[in-house]
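Go ahead and model the full structure; you've got the sequences and the hints to work with.
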Amino acid sequence: MPLRRFFRALTLRHFWLVGTSHGSPLCDRGLFADLSLPLMVGLVLLGLIGLLAACGPLGPDAGSGGSAAASAIENKGSDTLVNLALAWAEAYMALHPEVRISVTGGGSGTGIAAMINGTVDVANASRAMKPEEIAAAQANGITPVKFVVARDAIAIVVHPSNPLDGLTLHQISDIYTGKIDNWSQVDGEDRPIVLLSRESNSGTYVYFLENVIRLGDKDSDLLFSPDTLLMPSSEGISAEVRQNPNAIGYDGLGYVTPDQKMLAVARGASGSYVLPSMETVNDGSYPIARPLYMYTAGEPSGQVKLYLDWILGDGQSLVPELGFVLLR
Amino acid sequence: MAETDLLRNPRPRWTDFAIEALIRVLGFSSVGLVVLIFLFLLREGLPVFFEMPPGNLLGTRWYPTFDLFGTLPLILGSVLITLVATVIALPLGVATAVFVREVSPDWARGTLKPMIEVLAGIPSVVLGFLGMTMVAPLIRRTLGAPTGLTAFTGALILAYMALPTIISMAEDALDAVPRSYRDAGLAMGATQWQTIWRVVVPAARSGMVTAVMLGMGRAIGETMAVMMVTGNAARMPVTLNSLFRPVRTMTATVAAEMGEVAQGSIHYHALFGIGIILFLLTFVINLMAALTIFRKRRQGGLR
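Residue numbers (my numbering), protein chains in the order written: chain A, 1 to 328; chain B, 1 to 303.
Everything labelled a hint here was simulated from the structure, so no lab data went into it.
A few of these clues could be false.
To be verified - Each computed EDC-like pair below joins lysine to aspartate or glutamate, with the alpha-carbon atoms no more than 20 Å apart: (1) K218(A) / D67(B); (2) K146(A) / E299(A); (3) K305(A) / E98(A); (4) K179(A) / E210(A); (5) K130(A) / D172(B); (6) K218(A) / E235(A).
Right under this line is the structure:
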């Protein structure tokens, strides 16, 4: 037990040294102020033994007992958010060199699962957590806390040579369920339609299914056509859209490159066709837009809280640069 | 005194015993590890067969997000591209092996064989990337398929990946055919081609079968390249043009979805269930290979 306390003290002290002032009372009083000398020597010896054990191959637990330095933030999840999260992490680390933030993608489901399993501090998600995920988190003793960090529009993309300019939400739904399988049925060329989607662990996949294919109808049981190609990454979609004139895909606005063509989307046949952009998302005229989230395991504290506060404050200036939409 | 003791009994009994025990433990541990892996697979995968009605598991729709776990399109997808890859790789592999062992001059053989074995070392992501950026557009344009990411593209890449295994093993099998067989064939007045086709290849047949089976084993278990080039659409490959349409394999499904599932959920068990099916499938392939060899041996065939 003293060994563990020593390590906790060590990490706290380290924390305190690198200049954050919201630590525990232990830091404020000075680390060893209330320890007698013999006890301290004993602790140091124990600590050395502990360090040796930690360096040896057999003692992996001894070193990690104090929950790896609190100034490292693990951030994982949505591929939609990953570029923005990286930009935030880089900017924040430039301002606060004592904090290390590691950002990885993998999909919203991946990030949330990692948060539930306690391996990351912040999970990025392009969809809200499902009830069963929240239940799983609570079973692990974690209450997830949600932050809306930006907004995103989902663009419908086709090959640049596709003469089509716009589709209604209903047509997109029919295309993705396989009811429409040739471009000529939506006044395009006589070509088969190749459907592209992200893998089912993508938040974009779930959002698209619920809000575009099912048109927001909770009782609908429409699904992606089985012919839909599930691409493991955003890049997979854009690579196929770039080279295949038959393809249609969807992706976050921030991921659309100039060599793909975005389609304007109308809510109904009589509505106006709107291209996605900052303005059309913010005034609500572009129909396929959604909030992006960061989840923490419990109310954030320490560096994680500072980081999230910064994201919701100064960090917002990076949002438009990466093609996302500012929170109003 | 001590020296004569040593000579009479050069090593103390217990060292013998220890070394023997160590070797035995190491030998059995490989069997034990396989058993443990299989037990783990069963423990994680079996629950899905109780949690889900068989009708769902044998259904044709794989939508794990909506509790539809139809594995049929995935099984058929894997089987389809493995069979097609074998059909492509078998003649090429055997022909190359025959060329390298029987026809090419010695100096060429010395360079060809190591180079073929180097092919086996190309990482599958690299092949997948090549397939995605070069083979797929070519297939779409030349075959007129709606997209180049098809079962056929996957089969081509897999055939390429299985070739080094098949060539190398088949060549070894040919190598083991005694020289006297060839001499006898030629002495009977057979041409070189007749000797190869009627004498040497049949004599090496069981080794060839093993080579092809191992190649198939590599093909059915391959993940990364397949995930990159087959389009991963879980559709039933039952129509005639299915070969030139996207397909989703069992391995790609596990690889793409395992990262995101919550541990212990039905989806998690379902992915391990796919693992069990894959395991059984490979087991059957290996069993068939073993039976072929066994039967050949009993009939007095060579090796």
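Status of each hint after checking the structure:
For the hint linking K218(A) to D67(B), the alpha-carbon distance of about 16 Å falls within 20 Å, and the restraint holds. The suggested pairing of K146(A) with E299(A) holds, with an alpha-carbon distance near 9 Å, which does not exceed 20 Å. Among the hinted pairs, K305(A) with E98(A) is consistent with the structure: their alpha-carbon atoms are about 15 Å apart, no more than 20 Å. For the hint pairing K179(A) with E210(A), the CA-to-CA distance comes to about 17 Å; that is within 20 Å, so the pair holds.
For the hint pairing K130(A) with D172(B), the CA-to-CA distance comes to about 56 Å; that exceeds 20 Å, so the pair is violated. For a cut-off of 20 Å, the pair hint linking K218(A) to E235(A) is broken: about 31 Å separates their Cα positions.
Hints 5, 6 from the list above are not met by this structure, while the remaining hints are.
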